[in-house]
Amino acid sequence: MKISSVSLMMLCASTAAVKPKMRGLRSSNRRAQEDVVNSIHANVDSLWEAEGLPGLTEAIAIDSQSPNFNPDWAETGELHAILDFYLQHATEKLGSRTNVSHKVYGGANATFPTPPLLTITVEGSRHGQEGAPEVLLYTHADTQPHNGADWTHGDPLVATRVNASGDLLYGRGTTDDKYAFFSAVIMFQTLMEQGLPYPTVHIVVETEEESGSPHLEPHLDELVHDIGSPDVVYVLDSGGPDQSHMWNTRSLRGLISGVLRVELLESSVHSGTAGGIVPSVFRLMNNIISDRIEERNGDIIAAPLVHNTSDIDKAAALSLAEVMGDTVFSTMPWLEGTSPMPDGSTPTTQDIADMLVRNSYQPALAIIGWDHAVMPALDKGGNVVQPYIEAKLSIRCSPYTDVFSAAEELKRLIEAPPHAHGANVTFTIGGTSPGFAADPLPAWYQNIVNEAAVPIFGAEMLDVGKGGTIGFLATIQKKLEGSIIHNTGLFAPSSKGHAPDESLDIEAVKKFTSVMTYTLQSLMTADRTVEEEPTTVGRAGDGA
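For reference, each letter of the sequence shown is one residue, going -17 to -1, 1 to 527 in mature numbering (1 follows the signal peptide of the UniProt record, and there is no 0).
The set of hints was computed from the structure by calculation and includes no laboratory data. The structure presented is a predicted model; accordingly, all values stated were derived computationally and were not measured. Ideal Cβ placement from N, Cα and C applies to all residues, glycine included. It cannot be assumed that every hint is accurate.
To be verified - Listed below are the simulated DMTMM-like cross-link pairs for lysine to aspartate or glutamate, each with C-alpha atoms no more than 25 Å apart in a straight line: (1) Lys86 with Asp225; (2) Lys86 with Glu464; (3) Lys76 with Glu490; (4) Lys363 with Glu373; (5) Lys297 with Asp225; (6) Lys479 with Asp309; (7) Lys86 with Glu106; (8) Lys394 with Glu246; (9) Lys375 with Glu246; (10) Lys86 with Glu117; (11) Lys462 with Glu113; (12) Lys297 with Glu278; (13) Lys375 with Asp274; (14) Lys479 with Glu32; (15) Lys479 with Glu117; (16) Lys479 with Asp133; (17) Lys76 with Asp46; (18) Lys479 with Asp150; (19) Lys375 with Glu278; (20) Lys479 with Asp510; (21) Lys479 with Asp274; (22) Lys375 with Glu392; (23) Lys363 with Glu249; (24) Lys297 with Asp337; (25) Lys76 with Glu34; (26) Lys375 with Glu391; (27) Lys394 with Asp354.
Stated by the list, open to error - Simulated restraints, written as ranges between beta carbons of each label pair: (28) Leu396 with Pro37: 50 to 60 Å; (29) Glu490 with Asp18: 16 to 26 Å; (30) Leu318 with Thr81: 24 to 34 Å.
With the sequences and hints as input, model every part of the structure.
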């Protein structure tokens, strides 16, 4: 489903959002509703402490690095081990109360081995009845490498709870994305213990998300054949600028990765002998990047990647900047004295809006790896001029960019002669993941989320465009065109996903799980015809 930018991104206040249904309730009904929310929240809090955190601790100890970082996954067995543990946990916690079934797609022993994908089906309280809603809930169990030497809070594979600056659980995969599975189990435990209705949910656990989900589409085809099209799809692998709100990610950027190689000599030469005669390949690469990809100020100039942000998206970013303020940038781990502003000044609201535009809709380049075979570590560096240099580039693209054609055009642009000194320049495309752009959530659905989000988070759910990439969302959008897609989670700058000291905010995960739990039970009785008077969501003074 292709969505135009004009019809799309009204991040928060610019979107025609709806008042929570609870605002029109009689006081007695509202009190009853609040009692349900409070009871759910208390139950969720208790279950996270007693069972969720111990389970997550065991999951973190399984080094389930994504196949791109562990190509021997079939032999080492961690991906199968984490799914086995998840299945055991779900069966133990839920199997005595309802029917829990599962299926594994792919795997090391499949006819065509692929990293495994697990589905766990938890039958709802009206399972099989006409009109009973069904839900697909996605999470992933694979992780990025953990770079243990750079962690300051314990070992990345040993969950460490620290209360120094908030109640945080450190460990690789805490927020990206192992917490989500335990949130899902706790949702069901809570609803079952309280005798509340719940839909049939198909929990989908992938093990290739951090590798670009190359096999998800065929698995999804098979899954849809098995279960049909769900009413609602939850993707618990996103979030927003902070963990103090319930978020709906309306857009994500696409991704192009590849290796840029600049080659000049057949072999290394003495830097004294060659200096002044042979140019530095590092300088040549830097010039190629500056001339053909990214200007010195960080603006992308490569034509296949350039995107002109619409006035609607700019206005939406300004509205979100008014709500979020300094949080947009202050959660980054800045060194003392550094700033997102080139001149070190204090960002204005418009500056913050510009940051959101660049982060949500504009392309950005990061150099994420070097070939250390030719560019040695600091303690191994000798006085030589290197014959070539290789760098791995990661380019985030606008949600509206066709990354597949853009990658090919970018390759031609980078490699096209002439190059200084006749250098041999190649760009090898490593991977492409499409962006994602969605329609607003239906009014009735926003209502039931806000019925819990307002009392628990103190604010209504906010829409946001994020700078990251979840490539399979475009696939889900295409395959499940009739489903509501709520892309949410706890991934925020402060959680440091992919980086050292990744952590989970324990108070935030309890709140998030509580809102999700309430929303699940509300799906069973929600009036899907509700279209209330639009109001702005999340402006200052509106509980945000």
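So, going through the hints one by one against the coordinates:
About 35 Å separates the Cα atoms of Lys86 and Asp225, which puts this hinted pair outside 25 Å; it is violated. Between Lys86 and Glu464 the alpha-carbon distance is near 24 Å, which keeps this suggested pair within the 25 Å criterion. Simply put, Lys76 and Glu490 have alpha-carbon atoms about 22 Å apart, close enough for the 25 Å limit, and the pair holds. With a C-alpha separation of about 18 Å, the suggested pair Lys363 and Glu373 falls inside the 25 Å cut-off, and the hint holds.
In summary, the hint linking Lys297 to Asp225 is supported, as the alpha carbons are separated by about 20 Å, within the 25 Å threshold. Taken as a hint, the Lys479 and Asp309 pair is honoured in the structure, with Cα atoms around 18 Å apart against an allowance of 25 Å. Our distance criterion of 25 Å between C-alpha atoms is met by Lys86 and Glu106, whose separation comes to about 14 Å. Only pairs whose Cα atoms come within 25 Å are accepted, and Lys394 paired with Glu246 is accepted, the gap being roughly 16 Å.
Distance hint between Lys375 and Glu246 is fulfilled; the C-alpha atoms sit about 15 Å from each other, no more than 25 Å. The suggested pairing of Lys86 with Glu117 holds, with an alpha-carbon distance near 17 Å, which does not exceed 25 Å. Under the criterion of a C-alpha separation no larger than 25 Å, the hint pairing Lys462 with Glu113 is consistent with the structure, at around 23 Å. With a CA separation close to 22 Å, the supplied pair Lys297 and Glu278 stays within the 25 Å bound.
Taking the CA atoms of Lys375 and Asp274, the gap is about 18 Å. The hint holds against a cut of 25 Å. Under the criterion of a C-alpha separation no larger than 25 Å, the hint pairing Lys479 with Glu32 is consistent with the structure, at around 23 Å. Taking the CA atoms of Lys479 and Glu117, the gap is about 33 Å. The hint is violated against a cut of 25 Å. A threshold of 25 Å between alpha carbons decides the hint, and for Lys479 with Asp133 the separation of about 13 Å falls inside it, so the pair holds.
For the hint pairing Lys76 with Asp46, the CA-to-CA distance comes to about 23 Å; that is within 25 Å, so the pair holds. At roughly 15 Å between alpha-carbon atoms, Lys479 and Asp150 fall within 25 Å of each other, so this suggested pair holds. Under the criterion of a C-alpha separation no larger than 25 Å, the hint pairing Lys375 with Glu278 is consistent with the structure, at around 18 Å. Among the hinted pairs, Lys479 with Asp510 is inconsistent with the structure: their alpha-carbon atoms are about 39 Å apart, more than 25 Å.
Straight-line distance between C-alpha atoms of Lys479 and Asp274 comes to about 32 Å, which puts the hinted pair past the 25 Å bound. Simply put, Lys375 and Glu392 have alpha-carbon atoms about 18 Å apart, close enough for the 25 Å limit, and the pair holds. A threshold of 25 Å between alpha carbons decides the hint, and for Lys363 with Glu249 the separation of about 21 Å falls inside it, so the pair holds. Using a Cα cut-off of 25 Å, the hinted pair Lys297 and Asp337 holds, with the two alpha carbons roughly 8 Å apart.
Restraint check for Lys76 and Glu34: satisfied, since their Cα atoms lie roughly 9 Å apart, inside the 25 Å limit. Proximity of Lys375 to Glu391 is assessed by CA-CA distance (about 16 Å); at most 25 Å being required, the pair is judged to hold. Note on Lys394 and Asp354: the hinted pairing holds, with a Cα-Cα distance of about 19 Å set against a maximum of 25 Å. A hinted range of 50 to 60 Å holds for the C-beta pair Leu396 and Pro37, which are about 52 Å apart.
In this structure, Glu490 and Asp18 meet the distance hint of 16 to 26 Å, their C-beta atoms being roughly 21 Å apart. The hinted range of 24 to 34 Å is not satisfied by Leu318 and Thr81, whose Cβ atoms lie roughly 51 Å apart.
The structure shown violates the earlier hints numbered 1, 15, 20, 21 and 30.
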